[in-house]
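> Below are the chains, spelled out letter by letter.
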Amino acid sequence: NAGVTQTPKFQVLKTGQSMTLQCAQDMNHEYMSWYRQDPGMGLRLIHYSVGAGITDQGEVPNGYNVSRSTTEDFPLRLLSAAPSQTSVYFCASSYSVSGELFFGEGSRLTVL
Amino acid sequence: DAKTTQPPSMDCAEGRAANLPCNHSTISGNEYVYWYRQIHSQGPQYIIHGLKNNETNEMASLIITEDRKSSTLILPHATLRDTAVYYCIVRSSKAAGNKLTFGGGTRVLVKP
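Line order of the protein sequences matches chains U and Z.
Read in order, the letters of the first sequence are residues 1 to 112 in my numbering.
Read in order, the letters of the second sequence are residues 1001 to 1112 in my numbering.
Just chain Z, with the same shape it has in the complex (with noise of 0.2 Å):
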């Protein structure tokens, strides 16, 4: 799997969007993007992913370049829950079980 960089750490402000930037250069044409968040020390929780195209749900949008070595997390409108460590992963498709490699992440802390 590709290796992704994030920045260590950001501030965002209450009720504002949050843009979350991860480079994955490296990245393969069967590899997808996905993100995952760690609120405190819960077990991870899924936010979204994708492949080449921009994504949308309801927790997040997730903006792709058309090279696809980069990509851009947003959360619109960032409440004081949203703060976690965000966890940007590239994946292949065919990759044998459900493993992701995770690494440092982003630890966003939403302000009021």
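So here's chain U without its partners, still in its complex pose (with noise of 0.2 Å):
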């Protein structure tokens, strides 16, 4: 049992350029997410999902999109990275709406 699995764990991009942050859970979760923690700061929510096939929008979405085609992954992608999108990004996910949020160990991306 892996729990929340993120990679890549360290990333470097150029402005402009597209990538995918990979989420994986193995604990059967409905409920995932994904966060940003810019330094000195707390978690901000990007984006949501409540099952296979749903997703929504967080508090800071824009720049970010999500999918969510089976009930293990969770893919965050950066459409055109930009400076201000180097942040550490978690990934959580709870087996229920009000339960334990259990988080990945962060990807930490670095946008030129």
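If you are wondering where the hints come from, they were derived from the structure by calculation, not from laboratory data.
None of the hints are false.
Result set (SDA-like, lysine to any residue): computed pairs, CA atoms no more than 25 Å apart in a straight line:
(1) Z:Lys1003 <-> U:Gly42
(2) Z:Lys1052 <-> U:Tyr95
(3) Z:Lys1111 <-> Z:Thr1083
(4) Z:Lys1003 <-> Z:Gly1104
(5) U:Lys9 <-> Z:Thr1101
(6) Z:Lys1111 <-> Z:Tyr1046
(7) Z:Lys1003 <-> U:Pro61
With the hints in hand, could you dock these two chains into one complex?
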């Protein structure tokens, strides 16, 4: 049982490039979400999903796309990277809507 | 979700109890109080949550005042590994998805 796995752990992009941050969980959790954390700040919600085929926007969705084709995977796509998207990204999942959130170890993204 | 207020930082002596306060004066009847912590740059870790009754688990105790306008997280015997940022979060049981709104948290430094 690996929990929530994020890849890559580190990535450097140039402005305008696109990429996908991968997130997978093996706990059969329905609920998954993506957060970003900027230096010295708390986490902010980007997008979330309540089950396969269902996604919705969080607090800071602009510049990001998500999809949920399977229960296990919830990738986050950066369409055209900007320096403002330099951050640490965390994926999380939970069994129920009010249950404990399990977080991945994070993906550090730098956009030059 | 109701807003929370926490002190930005506090120190604690190793082996002593650490009492972390949180104010949530606008909390409504169906909102739970959650506590998470983030050690260094790792993903946040769930600690405990409660609605109105005091709760205890292997990590900590949660004391919620009778009017539910504030709460205290108690780490009974702080260790150096408890040094982290602690987040108090209020969340509705009816909120869609597994969204959490993180504030600034309390940076706890456990000293030898």
